[in-house]
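Using the sequences and the hints given, assemble the complete structure.
Protein chains: 4
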Amino acid sequence: MILAFASVLGNQESKAIADFLHAQGIEFKLAVNQGRSVFITRKNLDPFQKASVSGLLSDVQFFDPGTPYQLASAQWKTEKTIIEVKGARIGGDEVSIIAGPCAVESEKQLYSIGEYLQSRGIRFMRGGAYKPRTSPYAFQGLKLEGLKLLKEVADTYQMRVVTELMDLSYLEEVYDYADVIQIGTRNMFNYTLLRELGKIDKPIMLKRGFSARIDEWLQAAEYILLGGNEKVILCERGVRSFETGTRNTMDLASLALVKELSHLPVIADPSQGTGVRSLVTPMSLASIAAGADGLMIEVHEHPEEALSDGEQSLNFRDFDTLLKSCRSLFDVKSRSFDFEKNSVNFTSIK
Amino acid sequence: MILAFASVLGNQESKAIADFLHAQGIEFKLAVNQGRSVFITRKNLDPFQKASVSGLLSDVQFFDPGTPYQLASAQWKTEKTIIEVKGARIGGDEVSIIAGPCAVESEKQLYSIGEYLQSRGIRFMRGGAYKPRTSPYAFQGLKLEGLKLLKEVADTYQMRVVTELMDLSYLEEVYDYADVIQIGTRNMFNYTLLRELGKIDKPIMLKRGFSARIDEWLQAAEYILLGGNEKVILCERGVRSFETGTRNTMDLASLALVKELSHLPVIADPSQGTGVRSLVTPMSLASIAAGADGLMIEVHEHPEEALSDGEQSLNFRDFDTLLKSCRSLFDVKSRSFDFEKNSVNFTSIK
Amino acid sequence: MILAFASVLGNQESKAIADFLHAQGIEFKLAVNQGRSVFITRKNLDPFQKASVSGLLSDVQFFDPGTPYQLASAQWKTEKTIIEVKGARIGGDEVSIIAGPCAVESEKQLYSIGEYLQSRGIRFMRGGAYKPRTSPYAFQGLKLEGLKLLKEVADTYQMRVVTELMDLSYLEEVYDYADVIQIGTRNMFNYTLLRELGKIDKPIMLKRGFSARIDEWLQAAEYILLGGNEKVILCERGVRSFETGTRNTMDLASLALVKELSHLPVIADPSQGTGVRSLVTPMSLASIAAGADGLMIEVHEHPEEALSDGEQSLNFRDFDTLLKSCRSLFDVKSRSFDFEKNSVNFTSIK
Amino acid sequence: MILAFASVLGNQESKAIADFLHAQGIEFKLAVNQGRSVFITRKNLDPFQKASVSGLLSDVQFFDPGTPYQLASAQWKTEKTIIEVKGARIGGDEVSIIAGPCAVESEKQLYSIGEYLQSRGIRFMRGGAYKPRTSPYAFQGLKLEGLKLLKEVADTYQMRVVTELMDLSYLEEVYDYADVIQIGTRNMFNYTLLRELGKIDKPIMLKRGFSARIDEWLQAAEYILLGGNEKVILCERGVRSFETGTRNTMDLASLALVKELSHLPVIADPSQGTGVRSLVTPMSLASIAAGADGLMIEVHEHPEEALSDGEQSLNFRDFDTLLKSCRSLFDVKSRSFDFEKNSVNFTSIK
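Residue numbers (my numbering), protein chains in the order written: chain A, 1 to 350; chain B, 351 to 700; chain C, 701 to 1050; chain D, 1051 to 1400.
Since the hints were derived computationally from the structure, they do not count as laboratory data.
Quantities reported herein were computed from a predicted structural model and do not represent experimental measurements.
Do not take every clue at face value.
[What the hints assert, rightly or not] Okay, derived cross-link-like pairs now, DSSO-like style, lysine-lysine, Cα gap no bigger than 27 Å in a straight line: (1) A/K29 to A/K43; (2) C/K715 to C/K777; (3) C/K843 to A/K43; (4) A/K108 to C/K743; (5) C/K843 to A/K199; (6) D/K1193 to B/K393; (7) A/K43 to A/K15.
[Unchecked claim] Now the stretches of chain C that chain A is said to cover, found in silico as 3 or more residues with beta-carbon under 8 Å: (8) 713-721; (9) 783-790; (10) 796-808; (11) 821-835; (12) 952-959.
Glycine is no exception: its CB is placed at the ideal position from the N, C-alpha and C atoms.
Spelled out as structure tokens, the structure:
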């Protein structure tokens, strides 16, 4: 298939091209990307057809995709995507921190965490209202009640809500309460869901499937972008492997590779990614060093009492340490390199 | 099994304990760790036997291993191991850089790389003389000639030689020319080899098997330590997964976990770990941030002409960039955090 | 949590137990399994509470689950489940064969395949109307039109329709046309979907997620069973691994293990499981030998022209070979095949 | 690189070709395969050089390898390799059974097992004398004493010895006592070892590395074949995956694929492959159905007392069941079992 697009496309020109393609018996789909109209056809146009389309519109471009995703690719859009969420931004020069409990449990719990996070300057609050659990007997979340509570607490402390949409049937309610809609690892391959998310105007945080290859992850993003929703944030949360010392195996190279292949922002979730509290801070630092645009961290006032995933949640003291480590990572010379001893003048290196 | 050890053990006391264990029909093995004699028995001693041994030696300690490795564990030795190599150190506060070509190819190549590395302050030179290759038809290395060349160049530029031992049959010659003996990913489970390495006095860099769990890796180290060689450096080089966008999947959480579980230094090999040149620098930074004590980097004057693994080798310009990035990681505020905007006074956080 | 259940439970007894649990402040859920009412509580009852419940109902049984799934377990139901589909059966002594194209493509294609399959005695026809595709640009299926066609052809040739439900939003239409509703590998973790399937009365074929552990697969089945739908067929279709010589790695031990752990029937899909035409027949035989209750095979008149997965589809001649191999495997008559009932004379097949 | 070979090659012709290649500055290696001399060069010959070589020898053939292995490929040798071991055969029409304890433990144990196996017609006896164990503290085998015992018992009961060579340093002793030398999963990538095995005249059973791709496995075989030892038996023993319900994940498609790609016989080890006693029989049947030329089964008189891997060993009663299941699978006589030759009356087995 190819993608033909025109940078500015009025109704008349649109119609002319559409008529031509119809006349040629070429099926197409019309999409919008970066303010441009895009004709997507399954088959490449032949030279005659290309010439005809070019005759109808001077600034048309033809794409013969070398990758199975187009709109998500760094070739399609060379500048990095920055996503605005009520005055905060994900992508660009800053590292964004999203924090909060694995699951919304109670009003008391959430206000306590919210107050704390605000005091540390955190601007995005996470919390699960609908929890996908492997066992049907495990705690499944407070659902709509949880969503409302999350929104209430986030509003109180001037934070933005990040929460998971588990299924299309909940889309309306999640849409009303979330500022960023999270798609969990188990739904990355849920193409029907992804297609619907392309039709809305809220940012989507698309977690990598725990056994998805990087190109499959970007193709999942393509499903959303193709619908017209350009606000996609990727999130690496570890893949499944033979290693049993950690809950998942974080693939940090995916962060660096995604930054090369795509213009989309990508964040890391070291809480899910490791499943081990003591590894959250080192993997947060490593994620940032690898190029992550942000972190998603599970924080709980009393992790040992959490109804879900307590063993990977940080308490307030640990989260303070994480924040300080993040700052000092870029702020002070906490470590030196042995090659520095040999008095090399690095400023002279081109 | 348990381990009983005594902090200072003369011949006479040793003999008394040995006689007692013999008399009790308890098989044991005598080892040396951290300057202490260690009796290793397959079965736990019963309370009477423990009392008897304590009567023979006042400062005895008994270990009931909760982990399948003991000498490698952080419980066994609480201070971090630092390994001295001709005045340079691996482990401790500094990050060590080991650099050089994948394979030793020619005198000209090696001198050129050596001169360059010295000019950048690098103190460890790597190079493969015996190359383990999947295909018997691929370039297998210059062997002894390569070893000699490596040593000659390293001496010329005051560097230490890091090179791989592929098999016991080469031990003598590799011992003569190497300062650090590298055990490759395919040999991590080669217990006969590991046992022999326990008998020598050169540092061993033990790469993680590409499908080894972390506990298996530490047990492999245990084989070496148990023989009496305490100079073991671990090296994470990526594990095998379903991902095809990178050659291996680097498991950086293993770095942080190994630092918790063990006193041994651990370094990272992002060249092998990713197999993609452009990912080497971000994964180097991430490895350091995750806690790596060093990096192993493939550097080649003309990577495109390398006889082996050129696609993952850095040229001199790229390596300069890596070094500068490593420095700036700890040196300057290259990035900021969005939570800083909210004017939190971090120094007030306990 | 525990499960307490009573073999015969009238409204009155139900109410008495419910009242008691309420009075004790014990949350519970009421389900139906094997014609019995089941009270599911999150916490174990204490001895006093158990005695009280036993007083209310003489034939109550208490389960303290050792596994995270109950209704799916071999302990819960000792006889094997056999699922009737319009007079054909899946589970039990016979091996069932489900065959048809990967995707429904055209009327001509489908009639041709249907006529052929009927001539071979096949009783279940598969065909994808909604295709989950990694790339949004790939052929997505004929959708409702495809469903109708599939039903029409299956009716013409007295076969039962097996087709995939990709999303809840299509449930009504798929329900109307399918005899067995297939849940694909990407949806095995879609708990919202599974819960809804528990409320309907059609058999569900639940494919194993391509990175799902066996216990997760059985817990996914538990979601359906817990809703009251007892007609669950499991389907092994290969897991994701590092191997690149095949599309997936078939885990045939899962067939034997599932037969031990559960009463549910389990079939194998060697077409998806290998992705290689020449491996479909040997892996079919191996699956049956490992204990599979059936096979799901992609058959296409002209695999080389298939719009989807042609490289793993068998043509008619290859499928004949498969059937003959299957028969000769079992000529000893320890098991029979369901297609034999339709009195095909295999010796006449060229 | 290419392989040029000549079907009959006297000393004189050999020398002429060698001289020519030398004169052209072409490095080569001389090997023997299927009774033919083989010149292996790293680079393809150019047309002029090919013409010259053809002039020196009329029946020369030139190979431009499309696969990284040649001698192991089905293209190189179209008829299937059958390996004779003291009158018994592996490969061909019969299925061979290799059975015995995981580790040689004692004279009593081994005689008891040996007597039993002979009574069932088994012709190959396995037993580990040198055990590769993950922990240095685990039982490491009886070593030379174990080897001698194994040979003694095998001789007493007219069986052939199959035992593992863990390291080159044991080659001489293992060579003296083994009829088939087993290379374990941890040594599949040990190229130095493989090269040495190419120089001996005993059959080698090469187990697949637990994370080796099929093409890597065949390349490992190539190392042996290239040295001149044509007696290579492959053995699938499960690969490493995320599944925790079984010890390894048996990749039975590898059996069928190897039979397509190579002329070498391939057997299956369901004991190691599953690690679960109850799965050994179904996976044995499945392996044979997938095309295995034989089975390797751990049998122990009292598995619960085994010093190593008892949980996957069959007792005598279970092994009888396995043999009977195998026989009934093939009563149709499309294949036979080698143990049947020894005229055991299975109907008399309780």
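Status of each hint after checking the structure:
With a CA separation close to 12 Å, the supplied pair A/K29 and A/K43 stays within the 27 Å bound. A distance of roughly 26 Å separates the Cα atoms of C/K715 and C/K777; the hinted pair therefore holds under the 27 Å criterion. The hinted pair formed by C/K843 and A/K43 meets the criterion: a straight-line CA distance of about 21 Å does not exceed 27 Å. For the given pair, A/K108 sits about 24 Å from C/K743 by alpha-carbon distance, which is consistent with the 27 Å threshold.
Between C/K843 and A/K199 the alpha-carbon distance is near 20 Å, which keeps this suggested pair within the 27 Å criterion. Restraint check: the Cα-Cα separation between D/K1193 and B/K393 comes to about 21 Å, which is no more than 27 Å; the hinted pair holds. With a C-alpha separation of about 20 Å, the suggested pairing of A/K43 with A/K15 holds against the 27 Å cut-off. With 0 residues bearing a CB less than 8 Å from a CB of chain A, the stretch 713-721 of chain C misses the requirement of three and the coverage assertion fails.
Requiring three or more residues with a Cβ within less than 8 Å of a Cβ of chain A, the coverage given for the stretch 783-790 of chain C is violated, as only 0 such residues are present. Only residues whose beta carbon comes within less than 8 Å of a beta carbon in chain A count, and the stretch 796-808 of chain C has 0; fewer than three means the coverage is violated. Counting residues of the stretch 821-835 of chain C whose beta carbon lies closer than 8 Å to any beta carbon of chain A gives 4, which reaches the threshold of three, so the coverage claim holds. With 0 residues having a Cβ less than 8 Å from any Cβ of chain A, the stretch 952-959 of chain C misses the three-residue criterion, and the hint is violated.
Taken one by one, the earlier hints fail for this structure at numbers 8, 9, 10 and 12, listed in ascending order.
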